[in-house]
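Asks: Chains as they are written, first to last, in this note's numbering: chain U, 140 to 285; chain W, 874 to 1191.
Hints listed in this document are in silico derivations from the structure and should not be mistaken for laboratory results.
Computed from a predicted model, the values in this text were never measured in an experiment.
Ideal Cβ positions, reconstructed from N, Cα and C, are used throughout, including at glycine.
Just so you know, not all the hints are guaranteed correct.
[Stated by the list, open to error] With a cut-off of at most 20 Å between alpha-carbon atoms, the simulated EDC-like pairs for lysine to aspartate or glutamate come out as follows:
| id | chain 1 | residue 1 | chain 2 | residue 2 |
| --- | --- | --- | --- | --- |
| 1 | U | Lys150 | W | Asp902 |
| 2 | U | Lys155 | W | Glu978 |
| 3 | W | Lys1036 | W | Glu978 |
| 4 | U | Lys150 | U | Asp169 |
| 5 | U | Lys180 | W | Asp1168 |
| 6 | U | Lys155 | W | Glu1096 |
| 7 | U | Lys155 | W | Asp1168 |
| 8 | W | Lys962 | W | Asp943 |
| 9 | U | Lys155 | W | Asp902 |
| 10 | U | Lys150 | W | Asp1168 |
[As the list claims (entries may be wrong)] With beta-carbon atoms standing in for the labels, derived distance ranges:
| id | chain 1 | residue 1 | chain 2 | residue 2 | range |
| --- | --- | --- | --- | --- | --- |
| 11 | W | Asn982 | U | Glu188 | 30 to 40 Å |
| 12 | U | Glu239 | W | Lys955 | 36 to 46 Å |
| 13 | U | Cys215 | W | Thr979 | 46 to 56 Å |
[As the list claims (entries may be wrong)] Partial selection, computed: residues in chain W whose CB lies under 8 Å from chain U:
| id | residue |
| --- | --- |
| 14 | Arg1088 |
| 15 | Ile1089 |
| 16 | Glu1092 |
| 17 | Asn1093 |
| 18 | Gly1109 |
| 19 | Asp1168 |
| 20 | Ser1172 |
In case you want the letters, here they are:
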Amino acid sequence: MLKEDCASELKVHLAKSLPLPSSVNRPRIDLIVFVINLHSKYSLQNTEESLRHVDASFFLGKVCFLATGAGRESHCSIHRHTVVKLAHTYQSPLLYCDLEVEAFRATMAQRLVRMLQVCAGHVPGVSALNLLSLLRSSEGPSLEDM
Amino acid sequence: MDETVAEFIKRTILKIPMNELITILKAWDFLSENQLQTINFRQRKESVVQHLVWLCEEKQASVNDAALLDIICEDVDLFDMKQFKNSFKKILQRALKNVTVSFRETEENAVWIRIAWGTQYTKPNQYKPTYVVYYSQTPYAFTSSRLRRNAPLLGQALTVASKHHQIVKMDLRSRYLDSLKAIVFKQYNQIFESHNSTTPLQERNLGLDVNMDSRIIHENIVEKERVQQITQETFGDYPQPQLEFAQYKLETKFKSDLNGSILAEREEPLRCLIKFSSPHLLEALKSLAPAGIADAPLSPLLTCIPNKRMNYFKIRDK
């Protein structure tokens, strides 16, 4: 993500779970990306526990889920439907990207930077909430219809 | 010849057991064949020693000669390769009429032995030989395949030929002889000279170059560093010996937090086999905590492998 050309100043905080250590002063957080490794039940469990510490205001477009490992289906111990349901519960977009593949990583990085710019309010005329409703309407039929 | 040198030679020779005396004197090569032949080795030891010291005085043994004799005596058991090979072969041949035994000596005092096994009635099978490497300066031998029928016989042959009392099978197995040696001889913790050791600790621990970018903030840096430190204390900075498996045979009672679990009510212990496999097991274990897959410190059952020189465990309730 940092390699992308971006007019805004970009900072990335890496954490293995939430809540973040409170002893630090931080700039405003504009986007939270939960990375879920489909090969690890622990990864999903960790995400679910971390979600409880996220303030409700973030769920208006400033949270998204990134699932990695879908390409190697034999290694997946989490079913796709599980993460789909999780994203649906939290009203947030779900993206798939096999982070091990360089090309996919680059594309996803671009996408996330654009999302981040919108969430930070750096794109005039588009807010995080706008983006969220745009993404939602492009999803297929809702789970209840499946 | 100096009195002190004479005394030293006398005491050194006194320490040598009679059955090894001639061998050692020949190895020392200070007194000639002719001179040795003049000695009656069947006398009382004191007389033999006196005669030898007198011969040494005649030949003007120096301090250096005496020191050389001392070194030869110190040589552990003065391993006689020829005697070992003969003894080993004889034991196997006496037990099984049909057996092919070949030897090859290498540096580091190692002898490679190849054995093709037959029975009283069948010829040796040359396609399924067993290989043994015996390090004569140590009480250790490494064998290639897991024998069933002939294991006790092989053990006996090794024990007797190497003049030990007993043979113990270690629960340590790997395809890599060098790794087995490193673990058995405790040589795995030698500092590995490589360019990696010169990079600053922080960068090396966090791995990727991108971590030096100031726009990336690691929120859990304290935890990360703790994990790195524990991992380094447990596994060290050096490359791990290469093992492919670790196997745990459990015979323990089932423990459960849930009340009324059927399994927990069993009186007899449960039997369970857990096998870890990897192209490089110890390196994989070392990378678990830094990769966030496991908590640090790891279970001692995993980290004790090189230290205990075992990778096959049987675990019972105390």
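Asks: Compare the structure with each hint and give your call.
Replies: The hints, checked one at a time:
Proximity of Lys150 (chain U) to Asp902 (chain W) is assessed by CA-CA distance (about 78 Å); at most 20 Å being required, the pair is judged violated. With a C-alpha separation of about 55 Å, the suggested pair Lys155 (chain U) and Glu978 (chain W) falls outside the 20 Å cut-off, and the hint is violated. A distance of roughly 19 Å separates the Cα atoms of Lys1036 (chain W) and Glu978 (chain W); the hinted pair therefore holds under the 20 Å criterion. Distance hint between Lys150 (chain U) and Asp169 (chain U) is fulfilled; the C-alpha atoms sit about 10 Å from each other, no more than 20 Å.
Proposed proximity of Lys180 (chain U) and Asp1168 (chain W) is supported: the alpha carbons are some 15 Å apart, at most 20 Å. Of the pairs offered as hints, the one joining Lys155 (chain U) and Glu1096 (chain W) holds, with about 10 Å between alpha carbons and a cut-off of 20 Å not exceeded. Distance restraint check for Lys155 (chain U) and Asp1168 (chain W): the Cα-Cα separation of roughly 12 Å lies within the 20 Å cut-off, and the hinted pair is therefore satisfied. Of the supplied pair hints, the one linking Lys962 (chain W) and Asp943 (chain W) is violated, its CA atoms being roughly 32 Å apart against a limit of 20 Å.
Distance restraint check for Lys155 (chain U) and Asp902 (chain W): the Cα-Cα separation of roughly 71 Å exceeds the 20 Å cut-off, and the hinted pair is therefore not satisfied. For a cut-off of 20 Å, the pair hint linking Lys150 (chain U) to Asp1168 (chain W) is broken: about 28 Å separates their Cα positions. Distance hint for Asn982 (chain W) and Glu188 (chain U): a CB-CB separation of about 58 Å, inconsistent with the stated range 30 to 40 Å. Hint check: Glu239 (chain U) to Lys955 (chain W), Cβ distance near 59 Å, so the stated range 36 to 46 Å is violated.
At roughly 49 Å, the beta carbons of Cys215 (chain U) and Thr979 (chain W) sit within the given window of 46 to 56 Å. Given the 8 Å rule on beta carbons, the hint for Arg1088 (chain W) holds: about 5 Å separates it from the nearest Cβ of chain U. Satisfaction of the interface hint for Ile1089 (chain W) is found here, the shortest Cβ-Cβ separation to chain U being roughly 5 Å, below the 8 Å cut-off. About 4 Å separates the beta-carbon of Glu1092 (chain W) from the nearest beta-carbon of chain U, less than 8 Å, and the hint is met.
Interface restraint check for Asn1093 (chain W): the shortest CB-CB distance to chain U comes to about 5 Å, inside 8 Å, so the restraint holds. Because the smallest distance between the Cβ of Gly1109 (chain W) and any Cβ of chain U comes to about 25 Å, over 8 Å, the interface hint for this residue is violated. Given hint, Asp1168 (chain W) at the interface with chain U, is violated; its Cβ is 10 Å from that chain's nearest Cβ, farther than 8 Å. Here the hint on Ser1172 (chain W) is broken, as its CB sits about 16 Å from the closest CB of chain U, past 8 Å.
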